[in-house]
Every structure is written in structure tokens, then in C-alpha cells.
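Novice: So the chains spell out like this:
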Amino acid sequence: MEFTVKQIATLLGGEVAGNESLTITGLAKIEEGQPGDISFLSNLKYEPHLYTTQASAVIVDRSFEPKKPVASALIFVENSYSAFTRLLEEYHKQLIFARVGIEQPSYIGDGSQMGEQGYRGAFSYVGRNCQIGSNVKIYPQAYVGNNVRIGDNTIIHPGVRILDNCVIGRNCVIHPNAVIGSEGFGFAPQPDGTYKTIPQLGNVILEDNVNVGSNTTIDCATMGSTIIRQGAKLDNLIQIAHNVEIGKNTVIAAQTGVSGSTKIGDNCVIAGQVGFAGHLTIANGTKVGAQSGVGKSVEEEGTSLNSSPAFGLKESMRSLAVFRRLPDLEQRVFKLEKKNEK
Amino acid sequence: MEFTVKQIATLLGGEVAGNESLTITGLAKIEEGQPGDISFLSNLKYEPHLYTTQASAVIVDRSFEPKKPVASALIFVENSYSAFTRLLEEYHKQLIFARVGIEQPSYIGDGSQMGEQGYRGAFSYVGRNCQIGSNVKIYPQAYVGNNVRIGDNTIIHPGVRILDNCVIGRNCVIHPNAVIGSEGFGFAPQPDGTYKTIPQLGNVILEDNVNVGSNTTIDCATMGSTIIRQGAKLDNLIQIAHNVEIGKNTVIAAQTGVSGSTKIGDNCVIAGQVGFAGHLTIANGTKVGAQSGVGKSVEEEGTSLNSSPAFGLKESMRSLAVFRRLPDLEQRVFKLEKKNEK
Amino acid sequence: MEFTVKQIATLLGGEVAGNESLTITGLAKIEEGQPGDISFLSNLKYEPHLYTTQASAVIVDRSFEPKKPVASALIFVENSYSAFTRLLEEYHKQLIFARVGIEQPSYIGDGSQMGEQGYRGAFSYVGRNCQIGSNVKIYPQAYVGNNVRIGDNTIIHPGVRILDNCVIGRNCVIHPNAVIGSEGFGFAPQPDGTYKTIPQLGNVILEDNVNVGSNTTIDCATMGSTIIRQGAKLDNLIQIAHNVEIGKNTVIAAQTGVSGSTKIGDNCVIAGQVGFAGHLTIANGTKVGAQSGVGKSVEEEGTSLNSSPAFGLKESMRSLAVFRRLPDLEQRVFKLEKKNEK
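Protein chains in written order, with the working numbering: chain U, 1 to 342; chain S, 1 to 342; chain A, 1 to 342.
Hints listed in this document are in silico derivations from the structure and should not be mistaken for laboratory results. Warning: the hint list may mix true and false statements.
Unchecked claim - Quick list of in silico lysine-lysine cross-link-like pairs, PhoX-like style, CA-CA up to 25 Å:
hint, chain 1, residue 1, chain 2, residue 2
1, U, Lys342, A, Lys342
2, U, Lys342, S, Lys296
3, A, Lys335, S, Lys335
4, S, Lys342, U, Lys335
5, S, Lys196, A, Lys248
6, A, Lys29, A, Lys67
7, A, Lys67, A, Lys45
8, U, Lys335, U, Lys248
9, A, Lys67, A, Lys6
10, A, Lys196, U, Lys29
11, S, Lys342, U, Lys338
12, A, Lys339, S, Lys339
13, A, Lys6, A, Lys29
14, S, Lys342, U, Lys339
15, U, Lys296, S, Lys335
16, A, Lys335, A, Lys93
17, A, Lys314, S, Lys296
18, U, Lys339, A, Lys338
19, A, Lys29, U, Lys338
20, U, Lys338, S, Lys339
21, A, Lys339, S, Lys335
Could you put the whole structure together from the sequences, leaning on the hints where they help?
Specialist: What follows is the structure, given as C-alpha cells:
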């Protein structure tokens, strides 16, 4: 990022007091601001920092009146917090879409097409017959198999593996070393105790606006598709098995695992290290507490579950409270028995 | 895949009714079949789809007699379900062994040898003095260190890391981004609170027919070998620590972790997100439920364990049932105490 | 490794009996020693192996007197066990720092500098404006983003991803496919049920002597830094979320997850598959048992926690013991109720 204070003020629709030609190269909290940084003051608890900050510029509310001299340039806007957030987003967008062009060596197979404004980093691999939208960024060392489709504005970070026939929507972000479309874990036991591989010939579909965290694995379907619906957000180190479906705008925290053929509804909130058994159907709006083990389908929307095996959140909290008093409870039973013996 | 209906019928030992020169390019469920697909009808519940499917061909039992006209070509075989499964397997095999030859740039060190029908993808790296069997497929961006041996027909997917001195058997499949032979987690505490690294100089041995899932990590032994015995199947995101042994045909589901020096027997079935403490011996045929924590060795073959810390499956189910009634149980004790006070 | 027996004796300050010109190429346990190996005898329980081992040389205590003829060369030292350990460490150091130079093709961006004795493997990628110390080893297929700093003697294994602006200390080891500095999991819920990405613009700082295991993920801070303090050791498949701090010499076992903004103190010992909620402060010297779920801050140093949700180790052991007797306890209450009815 490299802007003048004036350019930022124009972007945010604000007015400048102070040196509007200063160059801004970074964003910082007001108490940590250095020359070249821009910061903001929203909560007046932090006002004392305004008079001592090294930041070159500070965004403040239009209604704000400084009580002492300020060394930084000030940008007055309607709402300093949301203006700063907008600046963050703008900066972030610039950063992640900054790379354009093709670094060499990189590999692209026959029949594959790439849209405008794309990036293919060094050592990235794109197989045959892929259709890749515009403004797609394929970072160094990422792998895209054959017959893959990727929608506009999607970012494929370094070391991501997208296997044959997968379909990735628009505006998706796939973080480093995630694996999309690897073969599911399907083995048929044989009479001699060995296992025979059940061929996994389906794919994975990520709809639009999906995020997949670092080192997360999403297996392809046996036949048909493992589907992550639009707006779903998956954190790091998550396991999604074959034929799973994750609903729209469902959020799943790190290290959770979903077993084969389970369908999780829309707008669910799943905490970290949760496990789901296979072949379940989980209603829309279900909330699951960290480290829970969900072994049964959930029919009622908006259910809150907890514990392993999981049951109602409130009930589980009560049971867990008594669990901590168990030695005492046993003692009380022992005393009653003594009394009753007499 | 690209076959005529006739070629498929010959492969399956079946007879064709209808157009035997149609080209088949995919496999599908009967209700989802499109032109170019082949499907099958086994369970007669799905018979209505036979009269409406778009699939170019459908495999049916020899005993089956259509009740209406069928647009698709029919292939009559003894058992349509197992014929279709055979076709799936054949197709799968073709797919995964399809790649042959060397893509450039790729790296191979001095003294390394590669068998016939091999594949080394672009940006793959093979170190010095490696012996690689025939029909081995090393996908793009995979890493094979120095002095590694890999048996015939083994598939190394993109981004797999196999470190120095490891030995990989025949017919293994190692899925994307799995790490084989990284240094184990061994640190000796020093008087000043710091830790000193304990050198990890051993290797990992995968015997024949082993599967390793995506992003799974198998650490090398401190000295000697971490061993995964023949036919063992490991799912995604599993942690296998140094000096562990996993027995023949043992199956382990995703996100399970096995601590250092634990030996798991043959034909065990371990569910997902299970943890094993270190230095345990687990008898053959042990079954462990999801999210269990195994802290003690298992001596009796065929034991079923559950819960964390794990104990007998049946006993744990009973305890877990009472756990859900704990608030009620406490209330009952309270009432008894009240009564006894009088 | 390739040394003569004499060279090793000189390194260890020992005296040789036997052929001091033999070449040593490996290390082995005395019972497994082969020609070319060096072994040691410390515990006299293993003395019988000394008279049968194939090892070319064996390190023994100066006080030791063989009772039979020995075929191997003997190296007499003060303490055979610590001499062998020293040899292991020396060998290990040689191994991991053996690679020097630049393999092609590899990529390095404008303005990046690399110290002496460095290694950049084939297909490794180093972005712009990176400062890389001396004796740093960047293995094949590793990725280093823009503006990254890496201290002397640090090892970056194959497939590691270090994203923009991260700072890595001296003497760190980052194992294969670990991801450092990926964007944290921050999403703001919108009125229509979708989520908006909260830009993650901070970095990750690893101080000196930090180890990061294979496939572990450490997210960058939203602003500021996620920090792993000096001497901390992280095992495989660990999740460290944005803005977390891990204290000095803290050890964390595999598959543990730490949620956003949690600060873990110095010298803590965290077992495997543990989960920490977000925004906690964990005192120095805290110990946490495997599979525990830590939901509250810990104020007292040296606390031991266990269970999910976690509480005191001793108390949890007592509760877990009663948990196994729960069906019996319920039965006892039932009997008391029967008695009291009369």
C-alpha cells in the first residue's frame, strides 16, 4: 500500500486537517502507530494516544474536537471505525489480488483456459481441460488436476491440491496446503481380513464465497459430489469425508471432522474439534459446542448440542456440573447406606 | 474412459440388446444418467428410472424382463451390481494409472532409478540413490528424499513428502500432502527449562497395500523404524508418532493420533478422533469408538473400547446413559437425605 | 556419514582397541549392528551382544573389561551412553545441514538476500524483499512469501508455506507442509445470514529455537502478531489461531488446537488433542492432559488440568473413577429408595 493522506480522505469521503501530502504505507492501532502508518480513534478511551502517537494520520469522527495539539494529520469522517474498516478491506483486497501474470516455470495442460487478470505462480500446475475464470490467483506450487472449473476472483494459495473434475465457485479462498477432491476412505472388508478399495469417482463442488482453511481435507464423493454450499466457512485442519454436504453460510471451526454422507444444514455454527458420525442429517441453524461428538441426526432447527456423545446444551451443562461433584455424590450415597443399615 | 457398449459387454461377459456401437464416457446412477453414461439396475425399486433415464446404456440382470420400451442399450449379465462394481474398479484403475512419462521440469538425483511405466510429474523431486519400482506414479510437486525405496504400482499424490531412507511397499496409495518420515517429537528437558532435540535417525516402513490419507503425518523412528504393516488403511489428518507400529489390515479413521512407541495389532478398527497414549500394546482385533482416549494397553483380542479415558464399550454405554440422568440422580439423593433427616 | 574409527575416537576423546582404520557409515543398537555401524554398550544387560554383534565398532566405558574376545573395534570413553548421544547429535547435525547451494529451477524475488552456506532446493520459492540468514536450508518445494525474515541456522522443510511479512528466528526447524501466517478465521455475521471476511493483516513471529511440526498451521494476527516464543516446541497437526501467544519453552503435543487471542504462558506442557477456547490467559507452568478442553483462564502457576471441560487433574481423576461406577451408583440409589418407601 502506498497512498497520500489526501487520496485516502477522498476514498473515505473525509476532510483533512494537517499535511495531506504525507505518504501512508501501513495500518496500525493508535498506540502502536509509526511514521507512515494511518490509524483511527473511535472509542474516546484511547484519546490520550492521539496526542502522542507517531502515526502520520489518524481517522476521527466528524463530531470530534481535539483538546490538545495533534502532530498527525487528521481525516474527519462520519464514522471513524467503519471508515477504518473500509480502508482495511480495501487494503486487504489490494494485497490478495495484487499478483498478476505468469511466473516461470509453471505448467498448464492442453485445453486449459485462464481468464483475464489471472496469476499463475512459479511451480504451479494446472492439468488438462480446465476452465479458470477471470481474476483467479493460483499461487506458487498449487496443483489443479484435469477438468477442473474455477470461478472468478477465487484465490488458490500455495500448496493447495485440487484434484480432477472438481468445481470451485466464485470468490472462494482456499488456504495453503488444503486438499480438495482426494479419494474418500472407502474399503470393503474381504473374507481373508484384507480390504478392497471402493473406487471413488465423484468430485467436490465448492459453491461461491466458500473459504477453506489451511491443511483442511475435503474428499470427493464415491459417485456424485461432496458439496460445500455458498458462503460456508471452513477453518484449518478440518476433515470432510466423501458425499458430505455442508449447508449455506455454515461456519465450522478448526479440527472438526464430518464422516461420510452426513448432511449439515444451512447457517449452522460448529465449534472446534467436533466429530460427526456418518449418514446423519443435521437441521438448519444447529449449534454444536467444542469437542462434541454428534452421533444422531438433528431434526429440530436451531438445536444446541454439546458433549460427547452430544445431547442438549443445557442438559449437558447440568450433567457436567454434577460430574465434577461425583465423588461427593458417591459419598452421600455411602452415608445414606450406612444410616439405612442400622 | 471411452469405450463402446460392445467393448464393455465383452469385458463383463454380457449380451447387448440395443445399439452396441454407442460410445460410453462416464458412469452414473440410473436416476442421474446422461447421454454417454452407463448405469445399472439391480434393486427393482429403481426400475421406473429405467424407462426415463438418459443414460446410453444400462447393465441389468440376465433374469430381468423390461415391462416397457427402453431407450438405452441394455447389457444383460449374471449380476448387474457386481458387474457395475467391476466396471467401476476397471475405470478407476485406468484413471489412476493413466499417467506415464516424465513432465519437465522435474528433478531426480544421482544414482536414482525408476522402473518401467513410471510417471514423474512436473515439479516433482526425487533425491539421490532412490530405487523406484515399475508403474510407480509420482505426481507433480511430490517430494522423495534420498535413499528411498518405493515398490511397484505405488501412487504418490501431489505434495506428498517422503523423507530420507523411508521404504514404501508395493500397491500403496499416499494421498496429497501426507508426510512420511518427518522427524519425531523428541526433546530432552534441560536444567534451565529449555529442551534439547533428541536426534531422530530412523525411518518409516510402509509395507504393501498400505493407504495413507491426505495431510496425514507419520514420523520416523528415533532409531529403527516406524512400521505400517501390510494392508493397513489410514484416513486423512492422522498423526502417527515415532516408533509406532500399526498391524496388518488395521483401519484407522480420520484425525486419530497414536503417540510414540505404541504398537497397535492386526485387524483393529479405530474410529475417528481417537487418541492413544505412548508405549502401549493393543491386541489384535481391538475396536475403538470415536473420540476415545486409550491410556492403557489392551491384552485381550477383540476387545471393544469407548470413551475418554477408554474402557469397555458396553460398560461405557451404561455409564454414558446415567451421565445424562445425573442431575436427576443427584436430586434423588437429595430427597433421600431429606427423608432420612426426619 | 563416513568416518574412520580413529576419527570418531578423537571426536569423543577416547582410545581405540582394535582396527582404528575401519570406516563407519551408520549408527545402530548393539543387537542390530551391521558391518559399517558403530554401536555402544552402557547397560551391562546387553553385554552378551558385544561378543556377537556385527557392528564394526562399539563404544564402551573406560571401566569396562571384556570377558571374551570381541570382533569389533572398541572405543573406550568416560561415559559410553553420553558419548554415543554426542555422536548421534553430531551425525544428525551433519545430516540436516548437509545441503548447500542452489538447485535449479528455483525462484527468488527482487530484493531478497540469502546468507552464506545456504541451501535453496529445486522448486522452492522465495518472494520479494526477504532477509534470510546464514546457514538457512530451504528445502525443495517450500514457499516463502514477500518481506519474510529468517534467522541463521533455520531449516525449512519441503512444502512448508511461510506467508508474507512473517518473522522466523534462529535455529528453528519447520517440518514438512507446516503453514505459517495463513489468514486467520475471522468473519463478521451480516443481517442476511452471510459472513463478511475480517481482513487479517498481521503476521506470525517465531522466536529462536522454535520447532513446528508437520502439517501444523499457525494463522497470522488480525493486526499485530501471533507469537511463538523462544524454545517452544509444537508437534504435528496443531492449530494455532490468530493473535495467539505461546510462551517460552512451552511444549505442545500433536493435534492440539488453540483458539484466537489465547495466551499460553512459559514452560507449559500441553498433551495431544487438547482444545483451548479463545481469549484465555494460561499461567506459566500449566500442565494439561490429553483430549482436555480448556474453557477458562488459569491464574495459578503450575496448575494441572484434565478432562473436557477441564478442571483440576486430581479432582477429574476422582470424578472419572466414579463415572465408571455410575450404573452401580444409580442402582444403589434405587435400592435406598425401595427401602425408604417401606
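Novice: Confirm or reject each hint.
Specialist: The hints, checked one at a time:
no., hint, verdict
1, Lys342/U - Lys342/A, "holds, 15 Å"
2, Lys342/U - Lys296/S, "violated, 41 Å"
3, Lys335/A - Lys335/S, "holds, 14 Å"
4, Lys342/S - Lys335/U, "holds, 15 Å"
5, Lys196/S - Lys248/A, "holds, 14 Å"
6, Lys29/A - Lys67/A, "holds, 20 Å"
7, Lys67/A - Lys45/A, "holds, 14 Å"
8, Lys335/U - Lys248/U, "violated, 55 Å"
9, Lys67/A - Lys6/A, "holds, 24 Å"
10, Lys196/A - Lys29/U, "holds, 21 Å"
11, Lys342/S - Lys338/U, "holds, 16 Å"
12, Lys339/A - Lys339/S, "holds, 12 Å"
13, Lys6/A - Lys29/A, "holds, 20 Å"
14, Lys342/S - Lys339/U, "holds, 12 Å"
15, Lys296/U - Lys335/S, "violated, 34 Å"
16, Lys335/A - Lys93/A, "violated, 68 Å"
17, Lys314/A - Lys296/S, "holds, 18 Å"
18, Lys339/U - Lys338/A, "holds, 15 Å"
19, Lys29/A - Lys338/U, "violated, 60 Å"
20, Lys338/U - Lys339/S, "holds, 14 Å"
21, Lys339/A - Lys335/S, "holds, 13 Å"
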